[in-house]
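Chemist: Here are the chains, one letter per residue:
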Amino acid sequence: MYRKLMATPYLFWVLCGTIIPLCMIMYYGFTDRTGNFTVSNVLAIFQPVHAQALGLALLLAFVSTLICLLLAFPLALILKGSSWGRKGFIVFIFILPMWMNFLLRTMAWQVILEKGGIFNTLLTTLHLPTLDIINTPAAIVLGMVYDFLPFMVLPIYNTLMKIDDNVIEAAYDLGATKGKVLKDILLPLSVPGIASGITMVFVPSLTTFVISNILGGGKIYLIGNIIEQEFTTSANWNLGSGLSLVMMVFIVISMGAMSKLDKSGEGNFI
Amino acid sequence: MKKIKMIYLIVIMMFLYLPIVTLMVFSFNESKSMFKWTGLSLRWYKEMFTDTQMLSAIWNTFSIALTASVVATVIGTLACVGIMQMGRRSQTAIMGLNNIPLLNADIVTGISLMLSFIAFGFYLSWGTVLMAHITFCIPYVILSVMPKLKQLGAGSYEAALDLGASPFYAFRKVVIPDIKPGIVSGFLLSFTMSVDDFVVTHFTRGAGINTISTLIYSQVKVGIRPTLFALSTVIFLVVLVVLVLVNFVSGKDNGEEEFFYEVAQG
Chain A
1 MYRKLMATPY LFWVLCGTII PLCMIMYYGF TDRTGNFTVS NVLAIFQPVH AQALGLALLL
61 AFVSTLICLL LAFPLALILK GSSWGRKGFI VFIFILPMWM NFLLRTMAWQ VILEKGGIFN
121 TLLTTLHLPT LDIINTPAAI VLGMVYDFLP FMVLPIYNTL MKIDDNVIEA AYDLGATKGK
181 VLKDILLPLS VPGIASGITM VFVPSLTTFV ISNILGGGKI YLIGNIIEQE FTTSANWNLG
241 SGLSLVMMVF IVISMGAMSK LDKSGEGNFI
Chain S
1 MKKIKMIYLI VIMMFLYLPI VTLMVFSFNE SKSMFKWTGL SLRWYKEMFT DTQMLSAIWN
61 TFSIALTASV VATVIGTLAC VGIMQMGRRS QTAIMGLNNI PLLNADIVTG ISLMLSFIAF
121 GFYLSWGTVL MAHITFCIPY VILSVMPKLK QLGAGSYEAA LDLGASPFYA FRKVVIPDIK
181 PGIVSGFLLS FTMSVDDFVV THFTRGAGIN TISTLIYSQV KVGIRPTLFA LSTVIFLVVL
241 VVLVLVNFVS GKDNGEEEFF YEVAQG
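Those sequence lines, one after another, are chains A and S.
Residue numbers 1 to 270, in the UniProt record's numbering, belong to the letters of the first sequence in order.
Residue numbers 1 to 266, in the UniProt record's numbering, belong to the letters of the second sequence in order.
You may find that some hints are simply not true.
[To be verified] In silico DSSO-like links for lysine-lysine, alpha-carbon gap of 27 Å or less:
| hint | chain 1 | residue 1 | chain 2 | residue 2 |
| --- | --- | --- | --- | --- |
| 1 | S | K32 | A | K219 |
| 2 | A | K260 | S | K150 |
| 3 | A | K180 | A | K80 |
FYI, nobody ran anything at the bench for these hints, they're computed from the structure.
Based on the sequences and whatever the hints tell you, model everything.
Modeler: Structure follows, in structure tokens:
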């Protein structure tokens with residue numbers, strides 16, 4: 001019996017660090033500055049500035065999630081088949097960049113993509129037309145793909161590694177083509193990893209304010225930027241909380257979809 | 001086909017590591033500008049040791065990361081033992097709660113904690129950042145330790161009790177050694193996430209407190225001092241060397257593959 005009690009500090013921490021804070025957002029989101037009940041903070045999402053920011057954030061998050069998926073699945077397949085696909089080494093390669101500060105890594109793309117930057121200098125020397133994407137939504141998508149790609153690769157790789165090679169060989173022995181093995185075996189069996197990867201890229205992309213701030217030149221507003229400003233410069237916590245509640249609807253939807261597709265939690269990224 | 005696969009791998013690796021290499025190169029640049037190369041210099045590495053604002057940011061970053069990951073590891077490991085004793089339904093419910101900070105957006109975690117700290121009269125400071133970091137570190141510890149504990153089962157602990165060990169002795173001598181890899185990777189993962197965190201710190205820090213991340217963010221608009229590139233290069237290289245060394249040293253008796261995995265998770 002006393003062993004159950006060992007979880008007490010943790011349960012206390014969950015209560016104070018997770019449950020109460022979420023209730024606080026609810027409270028602030030549904031009250032005005034004087035503490036009276038109101039729905040105007042939540043309905044403020046329909047103001048054009050806010051609706052546009054949410055729409056753009058959804059679009060960019062969708063595009064970057066799709067690109068991550070398209071890049072990560074073949075990558076995970078190659079890693080599964082390659083000789084240096086030892087699990088520890090792969091995880092190492094994808095976690096190591098996190099030890100270079102996330103803000104600086106994102107900043108570095110500014111240097112790379114800038115008009116006179118490394119990338120364009122290279123293009124000019126090759127007599128190719130220059131690529132001018134810094135301070136555009138395209139640069140933000142690139143930043144999102146760069147920062148969150150590991151969170152797509154690792155879960156997919158983990159589920160692919162769990163597939164028994166005998167199953168694949170059996171399929172080939174029974175006359176399946178490469179395409180059929182991919183479509184009927186590899187893809188269906190990696191659904192938990194794909195679902196978990198999609199959530200882990202979509203949620204941070206949808207809610208970021210840092211990437212849009214650094215690579216968007218401070219002129220492109222995503223819903224994250226609006227919320228951040230309400231809490232820092234404008235100091236309207238009620239409005240910020242109301243908009244966060246709307247944003248959380250999309251987070252909850254994608255978390256719900258993930259738990260449906262990944263019931264046993266095997267698509268975990270660690 | 002093999003060639004195409006190889007090229008694909010190389011392109012992705014370049015994509016992942018190009019920005020890191022760029023930062024390292026510019027940490028040796030003489031000029032302050034990020035966009036012009038004027039010559040090789042160690043100027044920024046020297047400045048690193050005299051910039052008091054930066055020294056305090058380094059201190060805050062690592063003191064918070066170390067304290068948060070130690071506290072999170074202790075609370076998380078104890079919690080796993082307790083949760084294992086509970087019924088199936090409470091286990092699922094708790095694991096669901098455990099996933100919230102992990103999957104939730106950082107900005108939501110940050111503002112929700114900030115609102116609570118202020119509502120309960122905490123003054124935003126080093127302490128509030130620490131509490132916030134412990135909150136998002138515990139779930140990583142639980143996710144790393146729980147599977148190891150499940151693998152172990154209750155048998156060996158009960159056997160130790162039957163053989164006359166006290167519960168504490170049995171826990172220390174039987175349970176802990178078996179779940180140690182999970183504890184280590186939970187700790188390392190927490191430490192990494194804490195050092196790399198910006199968003200949660202941004203909302204829960206007081207005006208006077210800076211970590212390396214918030215210091216960088218405050219300079220984004222005005223141009224980042226290359227001293228910060230130098231610092232990040234040093235941190236990155238230290239971590240790289242430590243990971244490789246730990247792997248090399250322990251690789252002989254521990255089964256190279258497995259240890260690399262544990263360490264690399266951090």
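Chemist: Run every hint past the structure and note whether it holds.
Modeler: Going down the list of hints, with the structure as the test:
1. S:K32 x A:K219: Measuring from Cα to Cα gives roughly 25 Å; hence the hint holds.
2. A:K260 x S:K150: 23 Å, holds
3. A:K180 x A:K80: Roughly 18 Å between the alpha carbons, so the hint for K180 (chain A) and K80 (chain A) holds.
In summary, the structure agrees with every hint in the numbered list given earlier.
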